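Chains as they are written, first to last, in the working numbering: chain A, 29 to 330; chain B, 91 to 353.
Just so you know, the hints here were simulated from the structure itself, not pulled from any lab data. Keep in mind the model is a prediction, meaning the values are calculated, not measured. Hints should not be assumed to be uniformly reliable.
What the hints assert, rightly or not - Using 20 Å as the maximum straight-line C-alpha spacing, the simulated SDA-like pairs for lysine to any residue come out as follows:
no., chain 1, residue 1, chain 2, residue 2
1, B, K326, A, S177
2, B, K326, A, R80
3, B, K92, A, I298
4, B, K92, A, N65
5, B, K92, A, R80
6, B, K92, A, A59
7, A, K261, A, G37
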Amino acid sequence: MAKLQVNIGALSLQNPVLTASGTFGYGLEFADFVDLNRLGGFVVKGTTLRPREGNDYPRMAETTGGMLNCVGLQNPGVEHFCQHIYPQLKGLKSEVIVNVSGSSPADYAACARHIDALEEVHAIELNISCPNVKDGGMAFGVTCEGAASVVREVRKAYSKTLIVKLSPNVTDIASIARAVEAEGADAVSLINTLMGMSVDIERRCSRLSIGTGGLSGPCVKPVALRMVSQVAKAVKLPIIGLGGIMTAEDAIEFLMVGATAVQIGTANFIDPAVTMKVVDGIDRWLDDHGIADVHDIIGVIG
Amino acid sequence: MKYSHSLVVAAVERPREGYVLLKLRLPAEVSLSDIEPGQFVELLAPRAPHTFLRRPISVNFVDYADRTLWLLIHEVGEGTRAFSALSPGDKLDCVYALGHGFPIDLPEAESYLLVGGGVGTAPLLYYGSLLHEQGRKVTFLLGGRRSVDLMQLDDFGRYGRVCLTTEDGSTGERGFVTAHSVWATEHFDVVATCGPKPMMMAVAAKAAEVGIDSCYASLENLMACGLGACLCCVEKNADGHNVCVCKEGPVFNVRQLSWQSYK
Numbered sequence: 029m030a031k032l033q034v035n036i037g038a039l040s041l042q043n044p045v046l047t048a049s050g051t052f053g054y055g056l057e058f059a060d061f062v063d064l065n066r067l068g069g070f071v072v073k074g075t076t077l078r079p080r081e082g083n084d085y086p087r088m089a090e091t092t093g094g095m096l097n098c099v100g101l102q103n104p105g106v107e108h109f110c111q112h113i114y115p116q117l118k119g120l121k122s123e124v125i126v127n128v129s130g131s132s133p134a135d136y137a138a139c140a141r142h143i144d145a146l147e148e149v150h151a152i153e154l155n156i157s158c159p160n161v162k163d164g165g166m167a168f169g170v171t172c173e174g175a176a177s178v179v180r181e182v183r184k185a186y187s188k189t190l191i192v193k194l195s196p197n198v199t200d201i202a203s204i205a206r207a208v209e210a211e212g213a214d215a216v217s218l219i220n221t222l223m224g225m226s227v228d229i230e231r232r233c234s235r236l237s238i239g240t241g242g243l244s245g246p247c248v249k250p251v252a253l254r255m256v257s258q259v260a261k262a263v264k265l266p267i268i269g270l271g272g273i274m275t276a277e278d279a280i281e282f283l284m285v286g287a288t289a290v291q292i293g294t295a296n297f298i299d300p301a302v303t304m305k306v307v308d309g310i311d312r313w314l315d316d317h318g319i320a321d322v323h324d325i326i327g328v329i330g
Numbered sequence: 091m092k093y094s095h096s097l098v099v100a101a102v103e104r105p106r107e108g109y110v111l112l113k114l115r116l117p118a119e120v121s122l123s124d125i126e127p128g129q130f131v132e133l134l135a136p137r138a139p140h141t142f143l144r145r146p147i148s149v150n151f152v153d154y155a156d157r158t159l160w161l162l163i164h165e166v167g168e169g170t171r172a173f174s175a176l177s178p179g180d181k182l183d184c185v186y187a188l189g190h191g192f193p194i195d196l197p198e199a200e201s202y203l204l205v206g207g208g209v210g211t212a213p214l215l216y217y218g219s220l221l222h223e224q225g226r227k228v229t230f231l232l233g234g235r236r237s238v239d240l241m242q243l244d245d246f247g248r249y250g251r252v253c254l255t256t257e258d259g260s261t262g263e264r265g266f267v268t269a270h271s272v273w274a275t276e277h278f279d280v281v282a283t284c285g286p287k288p289m290m291m292a293v294a295a296k297a298a299e300v301g302i303d304s305c306y307a308s309l310e311n312l313m314a315c316g317l318g319a320c321l322c323c324v325e326k327n328a329d330g331h332n333v334c335v336c337k338e339g340p341v342f343n344v345r346q347l348s349w350q351s352y353k
């Protein structure tokens, strides 16, 4: 049993394995397959100030080694989360992190303020990188000024650990990371999905209702690793790495290029118990290699 | 309780070209009667490199005697062809049983018309068998383009009367299921349907037309997780809100949906 505990800002995780927003519901959907207490934590579905219907069906297309989605932040709104879902998530040993989205900096801040009041939620993940909504989301995450403006407003409203989820749909992700670091973010998570497309040639149309969607799954892992590596060199903030992790070995790759923790996303759709296998697999790999503490592999590839 | 198991293939049958009937052995820990008719499973396609997601397949039948779960699969792509290539003794990675099925405890509903089209007939076999066991009156109305499309007729015949339609008139009455004479000659308390969406919408409209209040349809929207997490498989409900077919359905009372026929 190696030491697996890591810190993301003031947030202590019993192990470095989290789930990615939008892929694990509110955790409860996976309770038959996963011991939620054994996760480092889970990031619940993107939450906005007001309820959102999301985009029209179809919202998903399978691709080689992955999938596209254009769900568009369907969620019941922050008040519903606080009143009806949060009470069901209390008392867990794993950290519950709320992914927060909005259409203006003030919107994000108002949503974050609601979450700040929840005693057992010690962190939020700011989604400035959703590729599937017109009003906000990725619009903020693709420029340094946009990213900084959201983080600045939310930082005033939110006192606990503030994680900012970065978009890969940019020329220089390191500069965006530096911009959010300068505004007081406590950590960054990357990557959100890559914008993509899939065409039905018989019907001569996109397979997705809004034309484009976010690509995820093992096909994006090499891009994600490269970006985590770049950001690790650019900022001092702890990094949460994600993008196509299917196995413990995939997770260890992210740790080695500089991630302090990882998120499992699309893999939850293929194997609902995958997170347990990744936690156990990291532990076993460290034991097999005579490594006593996971920190001994974090960032070993410079 | 939902399970994720590697299930042993007990038998592989081919009811017709392009279709495979898999019978999977269920472990002792699984309570067979907990599997609802109309629920589905998510299968991982073996040795199918371009297939990434699981494939949702409806429960065709649960054989309590030999503890097998039956899945009738139409081969349409690489994933479904991979299931067809399985042999007895092979293992298949299966997450089950998912979603909400057809109602089996409706008070004062004695007669049921179960309307299926193509491979959509599959879940009606298990549903009809449970209704028959309860002493309800079951009529199956099964439709296809040609007679070869109508499968498992002997199995259906064990649990109720079987009415057939084909578009070419080769078996049963000629035309669509909604044109069958049984709609005019008999009364049913409940209609349940599974098949192509246009067919199910027409069945719902027909049920409304002949004064049947209770109509259930099983949807098969494209989905990823099957657990209500990814929110990809949504359908608009009667209030205009998006609901997950995998979790709220796949079986809906059509009044819950935005289909016009019941508005």
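Now the hints, each set against the structure:
no. : hint            : result
1   : B:K326 / A:S177 : 36 Å, violated
2   : B:K326 / A:R80  : 14 Å, holds
3   : B:K92 / A:I298  : 15 Å, holds
4   : B:K92 / A:N65   : 19 Å, holds
5   : B:K92 / A:R80   : 29 Å, violated
6   : B:K92 / A:A59   : 9 Å, holds
7   : A:K261 / A:G37  : 18 Å, holds
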